[in-house]
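K.L.:
Residue numbers (the working numbering), protein chains in the order written: chain B, 19 to 282; chain V, 215 to 691.
I should point out that these hints are in silico values taken from the structure, not numbers from a laboratory. As the structure is a prediction and not an experimental result, all values here were calculated from the model. Glycine residues also receive a C-beta, built at the ideal position from the N, C-alpha and C atoms. Check before you lean on any hint, since a few could be wrong.
[To be verified] Here are the in silico distance ranges between beta carbons for each label pair:
#1 B:N184 to V:D269: 37 to 45 Å
#2 B:D158 to V:R266: 47 to 55 Å
#3 B:E99 to V:D265: 29 to 37 Å
#4 B:N184 to V:G245: 29 to 37 Å
#5 B:P66 to V:V244: 42 to 50 Å
#6 V:L518 to B:E82: 55 to 63 Å
#7 V:A659 to B:T160: 29 to 37 Å
#8 V:L631 to B:R31: 25 to 33 Å
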Amino acid sequence: MSISPSRSTHPRRVALFVTCLVDLFRPSVGFAAIKLLEDAGCSVEVPPLQVCCGQPAYNSGDRETTRAIATQIIDAFEGYEAVVAPSGSCGGMLSHHYPGLFDDDPAMKARAENLAGRSFELMSFLVDVLGVEKVAAHYDGTVTYHDSCSGLRELGVKVQPRRLLNSVEGLRFCEMKTPEVCCGFGGTFCVKYPEISNAMVGEKSADILNTGAQTLLAGDLGCLMNMAGKLQREGSPVQVRHVAEVLADMGNLAPIGAPDEGKR
Amino acid sequence: MQSTAHDFKDNVGAALANPNLQESLTMLKVGFSERRRLAAERLPEFEALRDRARDIKNHALANLDFYLEEFERKVIGLGGHVHWAPTAADARRIIAELCQSVGARTVAKSKSMVAEEIALNEHLEAIGIAPIETDLGEYIIQLRNEPPSHIIAPAVHLTKDQVADTFLEHHTPLGFTKRLTERNDLVAEARYVLRQKFLDADVGLTGANFLVAETGSSMLVTNEGNADLSNTLPKMHIVLATIEKVIPTLEDAAVLLRVLARSATGQESSAYTTLNTGPKRAGDLDGPSAYHVVILDNGRSNVLGTEMQEILRCIRCGACMNHCPVYGAVGGHAYGWVYPGPMGAVLTPQLIGVEEASNLPNASTFCGRCESVCPVRIPLPKLMRHWREREFERHLTPKAVRQGLALWGFLARRPKLYRRLTGIANRVLALFGRAEGRYGALPLAGGWTRFRDFPAPQPGGTFHSQWARHGGTRTRP
Numbered sequence: 019m020s021i022s023p024s025r026s027t028h029p030r031r032v033a034l035f036v037t038c039l040v041d042l043f044r045p046s047v048g049f050a051a052i053k054l055l056e057d058a059g060c061s062v063e064v065p066p067l068q069v070c071c072g073q074p075a076y077n078s079g080d081r082e083t084t085r086a087i088a089t090q091i092i093d094a095f096e097g098y099e100a101v102v103a104p105s106g107s108c109g110g111m112l113s114h115h116y117p118g119l120f121d122d123d124p125a126m127k128a129r130a131e132n133l134a135g136r137s138f139e140l141m142s143f144l145v146d147v148l149g150v151e152k153v154a155a156h157y158d159g160t161v162t163y164h165d166s167c168s169g170l171r172e173l174g175v176k177v178q179p180r181r182l183l184n185s186v187e188g189l190r191f192c193e194m195k196t197p198e199v200c201c202g203f204g205g206t207f208c209v210k211y212p213e214i215s216n217a218m219v220g221e222k223s224a225d226i227l228n229t230g231a232q233t234l235l236a237g238d239l240g241c242l243m244n245m246a247g248k249l250q251r252e253g254s255p256v257q258v259r260h261v262a263e264v265l266a267d268m269g270n271l272a273p274i275g276a277p278d279e280g281k282r
Numbered sequence: 215m216q217s218t219a220h221d222f223k224d225n226v227g228a229a230l231a232n233p234n235l236q237e238s239l240t241m242l243k244v245g246f247s248e249r250r251r252l253a254a255e256r257l258p259e260f261e262a263l264r265d266r267a268r269d270i271k272n273h274a275l276a277n278l279d280f281y282l283e284e285f286e287r288k289v290i291g292l293g294g295h296v297h298w299a300p301t302a303a304d305a306r307r308i309i310a311e312l313c314q315s316v317g318a319r320t321v322a323k324s325k326s327m328v329a330e331e332i333a334l335n336e337h338l339e340a341i342g343i344a345p346i347e348t349d350l351g352e353y354i355i356q357l358r359n360e361p362p363s364h365i366i367a368p369a370v371h372l373t374k375d376q377v378a379d380t381f382l383e384h385h386t387p388l389g390f391t392k393r394l395t396e397r398n399d400l401v402a403e404a405r406y407v408l409r410q411k412f413l414d415a416d417v418g419l420t421g422a423n424f425l426v427a428e429t430g431s432s433m434l435v436t437n438e439g440n441a442d443l444s445n446t447l448p449k450m451h452i453v454l455a456t457i458e459k460v461i462p463t464l465e466d467a468a469v470l471l472r473v474l475a476r477s478a479t480g481q482e483s484s485a486y487t488t489l490n491t492g493p494k495r496a497g498d499l500d501g502p503s504a505y506h507v508v509i510l511d512n513g514r515s516n517v518l519g520t521e522m523q524e525i526l527r528c529i530r531c532g533a534c535m536n537h538c539p540v541y542g543a544v545g546g547h548a549y550g551w552v553y554p555g556p557m558g559a560v561l562t563p564q565l566i567g568v569e570e571a572s573n574l575p576n577a578s579t580f581c582g583r584c585e586s587v588c589p590v591r592i593p594l595p596k597l598m599r600h601w602r603e604r605e606f607e608r609h610l611t612p613k614a615v616r617q618g619l620a621l622w623g624f625l626a627r628r629p630k631l632y633r634r635l636t637g638i639a640n641r642v643l644a645l646f647g648r649a650e651g652r653y654g655a656l657p658l659a660g661g662w663t664r665f666r667d668f669p670a671p672q673p674g675g676t677f678h679s680q681w682a683r684h685g686g687t688r689t690r691p
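With the rest of the complex left out, here is chain V (with noise of 0.2 Å):
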């Protein structure tokens, strides 16, 4: 996907502009984090299930090797192919190859951030194999030919009239020309133009939620059972998946289970859970008979060891974004990348590099919502910081804001300075803005009001000022 991360404040500027945006947020706000609230209530142990999945990950990620060299055994002993894929474009000629190795025409989709991630939609039109997506709402946004907005619910920056307007556009050659208006008339649109679909797909392409090293069995939930069709119906499965979603046992999978749906959507647990244990066996009613998984690693080895390997206990709920404040103003396109939200403003740093998304760590008031949130407990208010002290280290912080910083650290460093110059700027904006009591418009403050007053100080004097001039008692102003 083509990053417009370093337009991220033209892509603000648009998205504050967009009424159905604004219209679809609205409903995501109150919605995700009041039932994510219920799901953690109802359960006692939420919290210390919180703890256990961080330090699954942990343990995971300390022996990575150990685990991903296992769950390759598992896959070869299950008699499937591990395939390793250093880079992007590697995963990309990797997925062609095996796509082009039966012949394929069609590819059933089931929802893939890493997909995303490595623009294989486009890669694999260019080679004249159609992507389906399958899940609800990638099927909409690939009608559309626009990209996600969010991890988990990647339509969800549209409203119900665009879905039934994008589905009359597009339906309506295949012989649907009413346009729908109720939500299950529409589902079940899609669900009959689908069903075709996967049954004529010759390869199923799923991410995978977690690779369990211990059985060789890579997990996978959704809510709309596309997944399954696209995993058993077609000849071939593809699993593409990154090198961080390994862990040690089943048992493991439980704990990150109970603590994922409730986090992303407030359910106990997702409608469908599959796992994918190597390819059909002799005996098998149904099943691919050829079984793969490409493992990325596209830059994430790099985190180990470094402040920054929290990032990668993330197990893609999507809770950090449907409770940033940030994210509730301006959707998941204004980050300009695949992943939006307080994860996304950590990892596609990473990913793409600090210098194309250098505000993305920025644009954040470190509110904290997000690590409250979070199912394993990733500090990423922390983790956007030291992104911006590697933009400071780098000069890749504005010069306006270097100065600015530069200026306020040579006299908060010098107390005395400091409070002469403050109680002159405090008498001079206490002094014009007496009348008032604030500013509608003040020079070098453009920034604030724009938008807002600017409150001026209270008669008097400073602080400190008024304390020594009362010999430090207490007065009464």
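Next up, chain B with everything else stripped away, as it sits in the complex (with noise of 0.2 Å):
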């Protein structure tokens, strides 16, 4: 047992909602919330049918692709106590966007609210819903946090997972001068407006590196990416990691845009 959860008195039926960029690129990010949910007392379940929540089509203008894709994932997550997702962006999505899609279908929308109403994101899941207060991992090194927009924002994840990284043995904390700043992804975005993007990410680059952490944590995989090339295009050693890596215990894995030296 690893974590100590004040509040949880028996498992939850937990979905994990894997989210398209973690299925694709770091596997480690689910598997990592999927041990902290366990740990907490969830029962952890992945529904098959999962693919992305629809921000690509959504934030493009694509109303009809995104309801299509919201309806799939209503259907694919029927049934479970909570809906969790390692992004607060994919969360967020959920939880504040989907019943607007629906303005005219009040069934979808009913499912759509209730969908809502049990969706959250990860740290925010772990403390403010299960009262996970501590976690037992081990990370050497000084970390800072970059708040990402719509987990800050629109879901008020702030506190959350600076509070469980402060029971993190052998971990230094060290904030941004501006951490709530856009890192520059945005979705479609940084590939949009490259330049625009470039100059945001260039800011945030320096702003970690005056912090002088050798780590940044996130807990949206988009900016990670992001963050993580834009500091290795620049030459920089920072290591960049999803904080429920870190938090499961997990910190020994490659970071992100390393080779892993294990399976070399």
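Hints are included, so try docking the two chains, each in its own frame, into the full complex.
P.N.:
Here's what the structure looks like:
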């Protein structure tokens, strides 16, 4: 038992929303999330018919495709007590944006609202819902934390990851000057407006370097890949990881964008 | 003002390559947001005031016809005149005729974004009337023949050195031949040059922050007092305002003022708050003998009752652009028209057409910082997304984006096929990226890899393939 839940009384049947980026690029984030949830007393399932939350279509103005994908997600996650995503952006899509897609369809709207009411971002679910206060993990080094926009502003994820990181043995925490300013990822924004995105992530990387931290953490893989890619292009040795990995004591994995030495 | 919004991407390139602009933006990004944060923290009821401000504007917009007519009745009762201008051309014509009616040669103008919107200066110059900008920032950019780059700080894109050069160039013929380097000296020189222009002006033209229906007052805030000189010294005062500026009562104005200055500059109150209530009355020591209010629609009434209506709550504080990382990277000129930043990304397509301004609502990460500071709680990202929906419906979205989206949408709706293909993509990307852990260049991902490395996937297959392989139990990679 590596987590001490204070409020959870019996295992909850929780569905993991893996998210498409974690599925494709960084499965360890999904496994870290499962470990954290199971250690907090949940039983975790991964509904097989999930794909993406639909944000690429939603933010490109394609409402019909978004509705089709949302319907699929609503079907896939029917019946679970809670749906948890290791991402504020995808979690926020389910909990804040799905109901508005079905204003002209009361039956679907009711189902979307039902899903919205039981959808959570991982850090917020662990701390705010399950009452987890500490984890049993070890990580050597100074870390800094980027507050991803949707998690921060839509879901209020701010203190939860910091509180849990505070319990990681060996970990020292150091804030950026502006941890709440967008990293410039923005989904398709980063390839539609690469120059602006680059200016934004360049400022972010300077802020990260100024902290002197050796590790950058955040709760959204899109932002992490963007910042990791920039730091590496600049030749920075800062290691980039998803916060769930460090909390689940998986901080020994190769960081994002680094070769996996063990399997070479 | 001639729009260059369709050249947004070129404008962005120029902005990012402009060292003076980048230096100025560095100052803006820290200063405005920090001052606003401190001002909000000092007022415990600030969040509640934002709710009230939103409700006041919503009420006014829901009863706009009533309050506009009430305002008109009051102005007429005071001896003033109200002119209704459906379009920008109507407003230009009305103002030109008013100026000509008193034989005006110069017009002292205090800062008005609506005057920029209707390109008033160009029109006045064309008929031989000289508009004199009296707001310091507007004065500077008028000398430089540039448009404003910010709705409350029009010359924020310039450094002090650039202003010093501009003053030296334009003030030398007036006898000021020394290049100044201190801020206060620059302000003093501008003040001296402008003072005579106030005294000489035949007409004073101001904007309005609010039109108060119950009293017929137009309300204006400034930090320089230039508006007060513009509206008291000349014999005619023209107020140029748009329909959504009307609010019911002075009490409402008090609420809005409390959130306006704090959101804009972090001040508790602007240095000058002026109420203009009709022309000079018998016994008044000063003031204009003629008082005219020109109320412009210019497409705004089309927004009423639509999903975009909330943008009409905007009180032009500039907080959205002060907090916008995109504005902070490229400045206001890149947006290509009068209103930059998030509020401009929503309003500009409405006023000049979404075909012309199609980039503006797309150039946002939807980070939500604008909405989080808006004093009247306009859901700016949501409204930008509505524009994207309209663009998509009208096939204005670029073809490559549409095609990519269609392919992705096709796959995302077929989970089994999606799994097979992402499984292959995952293995290929992991295999070839194995040695470095990342890619410096990748076909079809030039937008990414031009500036950033692209992380290769972890080895071992997608999450779902690993999960299935282990029979749906937790595994440790």
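K.L.:
Now tell me, hint by hint, if it's right for this structure.
P.N.:
How the hints compare with the structure:
no., hint, result
1, B:N184 to V:D269: 37 to 45 Å, "40 Å, holds"
2, B:D158 to V:R266: 47 to 55 Å, "51 Å, holds"
3, B:E99 to V:D265: 29 to 37 Å, "34 Å, holds"
4, B:N184 to V:G245: 29 to 37 Å, "32 Å, holds"
5, B:P66 to V:V244: 42 to 50 Å, "48 Å, holds"
6, V:L518 to B:E82: 55 to 63 Å, "27 Å, violated"
7, V:A659 to B:T160: 29 to 37 Å, "32 Å, holds"
8, V:L631 to B:R31: 25 to 33 Å, "29 Å, holds"
Of the numbered hints listed earlier, the single one contradicted by the structure is hint 6.
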